Amino acid sequence: MIRFDGVTKRYADGTVAVDDLTLEIPSGQITVLVGPSGCGKTTSLRMINRMIDTTSGTISIDGDDIRKKDPSDLRRGIGYVIQHAGLFPHRTIVDNIATVPYLLGWDKKKARATAMELMERVGLDTKMAKRYPFQLSGGQQQRVGVARALAADPPIMLMDEPFSAVDPIVRKSLQDEFLRLQSEVQKTIAFVTHDIDEAVKLGHRIAVFQVGGTLAQHATPDELLANPAEGFVKEFLGGEKGLKRLRFNRELEDTADDEVQAAER
Amino acid sequence: MTAVADGEPLIRWNWIGDHTDELTTLTLHHLKLALLPILFGLIIAIPLGIMCVRWRWLYPPTLGVANVLYGVPSLALFMLFIPYFGIGSGGQADFTIILPLTLFSLSVLVPNVVDGLRSVPEPVRQAATAMGFGTLRRLVQVELPIAVPVVIAGARVATVASISLVSVGVLIGNGGLGQEFIDGYSRDFTTPIIVSCVLIILLALFSDGVLVTAQRLLTPWARTRRSNG
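Going down the list, the sequences are from chains X and R. Oh and the first sequence: position 77 is 77 in the numbering used here, straight run, nothing missing. Start counting at 1 in the second sequence, then tack on 265, and there's your number in the numbering used here.
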């Protein structure tokens, strides 16, 4: 479990990105941080692996203050996926995926074998192993990004708008596979998006941020759709009209899931 | 240009055959005088470029100094070093040529190292940090390798310029193949001039080819961006 306790981030120029945030991100589940730009969701995410340091308050992982650990060691134990994948252009796909295992000093053979397994797991043809990132499509690169984050089997994954830069069709398939993968690996995931549809689809819990870096509401998707906080949250969800659409989509998804499960039985 | 004496051909082909040894020696010496400055230039420019990226304020003055140096006529800079390394060809006197050319190369190499390092996409840099690379490791394993194509592009320009500039050294008695200019000029004899010019051009083409090949081999990942989409 990741716990934010009264966390504030204030920059030198006085801007407050995150304001007295207290939030629990439960283990083995996906918690989506959602909100408009400038609401502090990405800052909050980056404070977890100390890419950004807190001004005050504490963040702890399973009870241990993250400041007690060396930043590099901490980061090697936390998977990280970003919008444009951020793959290393000069390394082959298999070596990109094996990045953290290499850093951890694994035997090269073992690291590569793990990377090959992960390629299959995220739905990539292992024939691509020796290719370079520029030879892959955006969607494929993003899969490599997910595989790279999973390579050393970290208990925690931070995902910053990982599916935002691809087209809607690819995005849907990436989301579906991500959910399937998560049901197998059960990581503790903090997932940032500005897209409420994505938040409702992926999150076990949704933390809605508002500009100024405060938490407007923290609830399960069903609670959020049933009882959105008046004002900012309701507006962010698109008002009555938006809520109707989100509820309708959710029912569709649930029905589809039930059908899949029924078919599997 | 030298007037060609009556009945004298532009090129006497047999002269080439008679002077193969001399030409080989001069060519190799020319290469040494031209390429060592690039090597030294890189040894200086890489750390300097890294510092200029890390401490931004350092870049404008560094670039300013490098450009002013480049503006100094090469002959003047050569002469500046004569008191320290002497005159003539070979041995210590070669540094009278090599050091000024090293300084010249910096005006191309430093900006290319800086541009190369800045060409590392921000998401890549951040991903590296987030994966747990420390600063030094990130520099060596991620940033510098990604800078290689831009650095080599700079090295190509600097190399060709250096090969051409070496011949100016003949005025202080150490100009590699440029030596043949003086020889030909003083005797109204065009053959050595033409032959050495052609050899200098060939050297430039050859060195450039070597660098292009080196880049292809070193950076297969940069060869055809987006070709397989």
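Among the hints, erroneous ones may be present.
[Said to hold, decoys possible] To be clear about the criterion: a stretch of chain R counts as covered by chain X if any three or more of its residues have a C-beta under 8 angstroms from a C-beta of chain X, and this derived list gives those stretches:
hint: 1; stretch: 348 to 357
hint: 2; stretch: 380 to 393
hint: 3; stretch: 481 to 487
[Stated by the list, open to error] Facing chain R, according to a computed beta carbon distance under 7 angstroms, are these residues of chain X, among others:
hint: 4; residue: S72
hint: 5; residue: K130
hint: 6; residue: Y132
[Stated by the list, open to error] Have a look at the derived ranges for each label pair, beta carbon to beta carbon:
hint: 7; chain 1: R; residue 1: P312; chain 2: X; residue 2: G105; range: 19 to 29 angstroms
hint: 8; chain 1: R; residue 1: D473; chain 2: X; residue 2: S27; range: 26 to 36 angstroms
hint: 9; chain 1: R; residue 1: W320; chain 2: X; residue 2: D53; range: 16 to 26 angstroms
hint: 10; chain 1: R; residue 1: F360; chain 2: X; residue 2: V16; range: 39 to 49 angstroms
hint: 11; chain 1: X; residue 1: S137; chain 2: R; residue 2: V477; range: 43 to 53 angstroms
In short, the hints are calculated from the structure, not lab data. Only a predicted model underlies this, so the values are computations on that prediction, with no experimental measurement involved. Glycine is no exception: its CB is placed at the ideal position from the N, C-alpha and C atoms.
Hint check results:
no.: 1; hint: 348 to 357; result: violated (count 0)
no.: 2; hint: 380 to 393; result: holds (count 6)
no.: 3; hint: 481 to 487; result: holds (count 4)
no.: 4; hint: S72; result: holds, 5 angstroms
no.: 5; hint: K130; result: violated, 10 angstroms
no.: 6; hint: Y132; result: holds, 4 angstroms
no.: 7; hint: R:P312 <-> X:G105: 19 to 29 angstroms; result: holds, 28 angstroms
no.: 8; hint: R:D473 <-> X:S27: 26 to 36 angstroms; result: violated, 59 angstroms
no.: 9; hint: R:W320 <-> X:D53: 16 to 26 angstroms; result: holds, 21 angstroms
no.: 10; hint: R:F360 <-> X:V16: 39 to 49 angstroms; result: violated, 59 angstroms
no.: 11; hint: X:S137 <-> R:V477: 43 to 53 angstroms; result: violated, 29 angstroms
In summary, the structure is inconsistent with hints 1, 5, 8, 10, 11 from the numbered list given earlier, while agreeing with the others.
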